[in-house]
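Colleague: In order, the protein sequence lines correspond to chains Z and G. Quick note on the working numbering: the first sequence kicks off at 1 and runs consecutively. Quick note on the working numbering: the second sequence kicks off at 115 and runs consecutively.
Since the hints were derived computationally from the structure, they do not count as laboratory data. Do not rely on the hints blindly, as some may be mistaken.
[Unchecked claim] Heads up, incomplete: computed chain Z residues facing chain G, CB under 10 Å, no partners named:
id	residue
1	V4
2	T14
3	Q44
4	F47
5	E53
6	G56
7	G58
8	A92
9	E102
10	F105
11	G106
In this text, a Cβ means the ideal position worked out from N, Cα and C, and glycines have one as well.
Here is what each chain is made of, one letter per residue.
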Amino acid sequence: ETGVTQSPTHLIKTRGQQVTLRCSSQSGHNTVSWYQQALGQGPQFIFQYYREEENGRGNFPPRFSGLQFPNYSSELNVNALELDDSALYLCASSLLGLANGELFFGEGSRLTVL
Amino acid sequence: GNSVTQMEGPVTLSEEAFLTINCTYTATGYPSLFWYVQYPGEGLQLLLKATKADDKGSNKGFEATYRKETTSFHLEKGSVQVSDSAVYFCALYDNYGQNFVFGPGTRLSVLP
């Protein structure tokens, strides 16, 4: 059983640029969610995708967008990067509808915006 | 809205000491409750969970009981080890909105 993998692991961008982060979900999982974890804080929910549709969104502006593909892998896109976007971005996969809602996390992509 | 509050860290203990990390939550429905752990340089891992009131989750010597009357899910371990040094996150799963809400995390350092 393959776990959740994310790429790239680290990247540096400058303010105003755009970034795409990628995630491969755990085998058999149909739901992917993305989280932003600023230094010293807990993960903040960005959005969730189920069967290629966004079906939940946290308090993040529209310049944060995503995609889910037929194989359940996912992308997070952030446009017009700001300094405050510097964080660890976590992808988690799960089976929607499970009563326990357990998340399986990747190790994250650390984004630094200069 | 839903929220999770944890005791502030860092918490520093000696090996074999008793650990309690407090967690309280606010939720409109009846959420599932979780503790996730993040070891240095690693992603978050599920430590334990409880899906309804009075359930006790346990794993690796850690345990937590879902207390609906006090809206709490405190994490306890009777004898901590150096290898338990990590950041611990309390979280709730909103069955209605189908998303997770995490607390800010509590850093635990266990000294030999």
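Colleague: Holds or violated: Z/G56 as interface residue toward chain G, Cβ cutoff 10 Å?
Modeller: The hint holds - Z/G56 has a Cβ within 10 Å of chain G, the shortest such distance being about 5 Å.
Colleague: Have a go at the Z/G106 hint: is there a Cβ in chain G nearer than 10 Å to its own Cβ?
Modeller: holds, 6 Å
Colleague: Can Z/E53 be said to touch chain G, with a Cβ gap under 10 Å?
Modeller: violated, 13 Å
Colleague: At a threshold of 10 Å, is the proposed contact between Z/A92 and chain G supported by beta-carbon distances?
Modeller: This interface hint holds because 8 Å falls under the 10 Å limit.
Colleague: With a cut-off of 10 Å on the beta carbons, see whether Z/G58 makes it to chain G.
Modeller: Where the cut-off is 10 Å and the nearest Cβ of chain G is about 7 Å from Z/G58, the hint holds.
Colleague: Take the shortest C-beta to C-beta distance between Z/F47 and chain G; is it under 10 Å?
Modeller: holds, 9 Å
Colleague: Does the nearest C-beta of chain G fall within a distance shorter than 10 Å of the C-beta of Z/E102?
Modeller: holds, 6 Å
Colleague: Hint check: is the beta carbon of Z/F105 less than 10 Å from a beta carbon of chain G?
Modeller: holds, 4 Å
Colleague: Classify the hint on Z/T14 as holds or violated, based on whether any CB of chain G lies nearer than 10 Å to its CB.
Modeller: Not OK, violated: Z/T14 not within 10 Å of chain G, min 26 Å.
Colleague: Tell me if the interface restraint on Z/Q44 is satisfied: Cβ within less than 10 Å of some Cβ in chain G.
Modeller: holds, 8 Å
Colleague: Should the interface hint for Z/V4 be scored as holding, given a Cβ-Cβ cut-off of 10 Å against chain G?
Modeller: Result: holds, 8 Å to nearest chain G Cβ.
Of the hints listed earlier, those the structure fails to meet are numbers 2 and 5, in rising order.
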